[in-house]
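Protein sequences appear in the order of chains A and B. Residues 1 to 163 in the numbering used here are what the first sequence spells out, letter by letter. Residues 164 to 336 in the numbering used here are what the second sequence spells out, letter by letter.
By construction, these hints were calculated from the structure, which means they are not laboratory data. One or more hints might be untrue.
[Unchecked claim] Chain B side only, calculated, beta carbon under 7 Å to chain A, not exhaustive:
(1) Pro-234
(2) Lys-235
(3) Lys-308
(4) Leu-329
[Unchecked claim] Below, computed lysine-lysine pairings styled on DSBU-like, alpha-carbon distance capped at 35 Å:
(5) Lys-325/B to Lys-69/A
(6) Lys-308/B to Lys-330/B
(7) Lys-328/B to Lys-65/A
From the three backbone atoms N, C-alpha and C, an ideal C-beta is built for every residue, glycine too.
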Amino acid sequence: MTARAILTWPDPRLSHLCDPVTDLAALHDLAADMFDTMYTAQGRGLAAPQVGVMQRVFVMDVTWKEGVKSPVTMVNPVIEWASDQVATGPEGCLSIPGITADVTRPTQVRMRWSDLAGDTHIEVLTGFAAICAQHELDHLNGIVTFDRVSPDMRAVLEQEYAR
Amino acid sequence: MTIRPILIHPDPRLKKVCDAVPDLSDELRVLADDMLQTMYDAPGIGLAAPQVGITQRLIVLDCEKAEGVPPKPMVMFNPEVIRSSDDTSVYEEGCLSIPDQYAEVTRPADVTVRWLDTSGDLQEADFDGLWATCVQHEIDHLDGKLFIDYLKPLKRQMITRKMQKLKREQARM
């Protein structure tokens, strides 16, 4: 396993739609590297485009900082349903270091994804897991937190980021 | 009952003077239940509504910490200190909105507080010891005041910087 370099915004690769994964076998090394990269960066989620791989896969572990690892790899993830209830909370991103943006999202989502073995999972995510999964899925669609705030707030945050 | 997320200092909602509760409603009773659950879960001995993002004058507390003693949850709407002793006491205070930071604060040792209970009845009681410190700490929240506001500016700034760092860390995906 190797920790790879994390791309930082405004790298154009962070604004592109990623391709569906077709070859699962080729993902094993990538997923292992992505976990390594994420843990090294003290993060809880990392999407493939953040390490320059334009494929629809992300890794996530929302509990490891509390001492228990729960690594999940989501290949070709889809949000099947999202709650009407939304909440606004601060989000930081490993590709936009130092910036925290208040993003509004559904509090619950039902996600469907494939794991590395090709098995399909369907699960309702809540709490931080729901936020994190939506944030990572956004990356697969070329969306970052800057795209999820008002134009005024975006200008403020971009200015802060430039400093 | 739901555990609600607790705001971490610095947050503008923790600096606001909260609005008086005009009328008790089921919604406010649910909020009070949620706040008690959030407080016990944390765990803490007091919680004010602004700490869960609701800028209204409501606090909950339970300072009964001894083993084997039944819990004594209290819910206070529009609480007011109507008498404070000249005697003071010093406690090492902490705050769920300022995790893992503690400092000694001097406050009146006993106080009389008046409040509305969950049935809408006016209550009045004397508090001393930890209860007195806790109820004053919580009522301070309703006026946008934190225990670190009693500390020297340098210490306060140091704590605030640590909290900014913690917030960035907690928000990071």
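Each hint, compared with the structure:
| no. | hint | in the structure |
| --- | --- | --- |
| 1 | Pro-234 | 26 Å, violated |
| 2 | Lys-235 | 30 Å, violated |
| 3 | Lys-308 | 23 Å, violated |
| 4 | Leu-329 | 11 Å, violated |
| 5 | Lys-325/B to Lys-69/A | 26 Å, holds |
| 6 | Lys-308/B to Lys-330/B | 20 Å, holds |
| 7 | Lys-328/B to Lys-65/A | 15 Å, holds |
Of the numbered hints stated above, those contradicted by the structure are hints 1, 2, 3 and 4, listed in ascending order.
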